[in-house]
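Participant: One letter stands for each residue in the lines below.
There are 2 protein chains.
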Amino acid sequence: MNQTIARVEALCLTVKDLPGEHVDEVQVDWEGFVGDKHYGLTRKLGRHHQPYTRGTEVRNTRQVSLVSREELDEIAARLDLSHIDPAWLGANLTLSGLPNLTQLAPGSQLHFEGGVGLVVDGYNAPCTTAGGYLQTLFPDREKLTNRFPKAAVDLRGLVAWVRVPGVLRLGESFSVEAPRSVPVSQA
Amino acid sequence: MNQTIARVEALCLTVKDLPGEHVDEVQVDWEGFVGDKHYGLTRKLGRHHQPYTRGTEVRNTRQVSLVSREELDEIAARLDLSHIDPAWLGANLTLSGLPNLTQLAPGSQLHFEGGVGLVVDGYNAPCTTAGGYLQTLFPDREKLTNRFPKAAVDLRGLVAWVRVPGVLRLGESFSVEAPRSVPVSQA
Numbered sequence: 001m002n003q004t005i006a007r008v009e010a011l012c013l014t015v016k017d018l019p020g021e022h023v024d025e026v027q028v029d030w031e032g033f034v035g036d037k038h039y040g041l042t043r044k045l046g047r048h049h050q051p052y053t054r055g056t057e058v059r060n061t062r063q064v065s066l067v068s069r070e071e072l073d074e075i076a077a078r079l080d081l082s083h084i085d086p087a088w089l090g091a092n093l094t095l096s097g098l099p100n101l102t103q104l105a106p107g108s109q110l111h112f113e114g115g116v117g118l119v120v121d122g123y124n125a126p127c128t129t130a131g132g133y134l135q136t137l138f139p140d141r142e143k144l145t146n147r148f149p150k151a152a153v154d155l156r157g158l159v160a161w162v163r164v165p166g167v168l169r170l171g172e173s174f175s176v177e178a179p180r181s182v183p184v185s186q187a
Numbered sequence: 001m002n003q004t005i006a007r008v009e010a011l012c013l014t015v016k017d018l019p020g021e022h023v024d025e026v027q028v029d030w031e032g033f034v035g036d037k038h039y040g041l042t043r044k045l046g047r048h049h050q051p052y053t054r055g056t057e058v059r060n061t062r063q064v065s066l067v068s069r070e071e072l073d074e075i076a077a078r079l080d081l082s083h084i085d086p087a088w089l090g091a092n093l094t095l096s097g098l099p100n101l102t103q104l105a106p107g108s109q110l111h112f113e114g115g116v117g118l119v120v121d122g123y124n125a126p127c128t129t130a131g132g133y134l135q136t137l138f139p140d141r142e143k144l145t146n147r148f149p150k151a152a153v154d155l156r157g158l159v160a161w162v163r164v165p166g167v168l169r170l171g172e173s174f175s176v177e178a179p180r181s182v183p184v185s186q187a
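Sequence order for the protein chains is L and S. If you use the working numbering, the first sequence corresponds to residues 1 to 187, in order. If you use the working numbering, the second sequence corresponds to residues 1 to 187, in order.
Only chain L is shown next, with the shape it has when bound in the complex:
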């Protein structure tokens, strides 16, 4: 009998442009995945986000991007592709055994077997950059650049930041801890 185990299916680093590169393990420190383009304790806003102007320096809560194997399979099915390699999207961490990864609430914590801890910042909105890369891989498919963000809208995964550093390895199991909620009134 098979039991579903939540585990690390793939690890990818993206130095600059897509695609990312698959690796077997990643050094994780307070700034993120060492060697990835999103590494850093702070980042500058790429566009105006009320009330902050473009270029404002903010804490980098988008150090790591996460996808689920099951959600990538569903996006592939919607686009009539045999599969989607997470490196095509620049996804740092591909998990299995947690099919509705994208639905995890901000503040959820992921505890990995080897000691690394990540905190979910929130939803990673799909964009035409990844769609554009898919289009170059499948030039005979029509409008993949724009169809990708539509097909991936509720399945694109999350961004997260490092709570506990360490080394993250392929195949590690992990558990999820929900954000702390407010108890019901005793008044």
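One thing to keep in mind: the hints can contain errors.
Identical copies go unnamed one by one, so any copy, or any two together, can satisfy a pair.
Below, a list of computed lysine to aspartate or glutamate pairs in the DMTMM-like style, where the Cα atoms sit at most 20 Å apart [what the hints assert, rightly or not]: (1) Lys16 <-> Glu177; (2) Lys143 <-> Glu25; (3) Lys44 <-> Glu177; (4) Lys44 <-> Glu31; (5) Lys16 <-> Asp140; (6) Lys150 <-> Asp73.
Source of the hints: derived by calculation from the structure; they are not laboratory data.
Based on these hints, arrange chain S on the given structure of chain L.
Facilitator: Just chain S, lined up with the frame of chain L:
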């Protein structure tokens, strides 16, 4: 006609023991409120928290403690006190105009008029430390040490960390931004 404005009612720094000290403005950097005991980019876990052992170094998401004026008034009423000074609790930031502050979801952002940005980590569970200090102020009240955490259970406010540094001043207005949610499926 009065209009409710969400604003900063009090600012307090606690160097070591309770009570904190009221100040008119606070320097806020990536590590928290400069001069407060909870200042720091990381902290060591004070007790075992599955799967981490006591002493594990984690990102400090409890840099700043927040309470609402309205919730403090309700706690005071439950304890038959005329009022509660936030400095008695070591609360760094007292807000008004947001009566259900404690209900804000983890990941919510607070944008202050002067440019400082905070992110809600989560609920700040009330403890007997603050209750014990209240007891020293009102020695004739029975069992205040233990009655405080019970009276404050759903009103104790939040802990948060700095997303955008700057200077925070008494009387500033602020706005709240909800965490990014996942869009409804278009499939």
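Participant: All hints, please: hold or fail.
Facilitator: Hint-by-hint comparison with the structure:
| no. | hint | result |
| --- | --- | --- |
| 1 | Lys16 <-> Glu177 | neither (32 Å within a copy, 31 Å between copies) |
| 2 | Lys143 <-> Glu25 | neither (35 Å within a copy, 54 Å between copies) |
| 3 | Lys44 <-> Glu177 | between (29 Å within a copy, 19 Å between copies) |
| 4 | Lys44 <-> Glu31 | both (14 Å within a copy, 18 Å between copies) |
| 5 | Lys16 <-> Asp140 | neither (26 Å within a copy, 67 Å between copies) |
| 6 | Lys150 <-> Asp73 | within (15 Å within a copy, 48 Å between copies) |
Checked against the numbered hints listed earlier, the structure breaks hints 1, 2 and 5; every other hint is satisfied.
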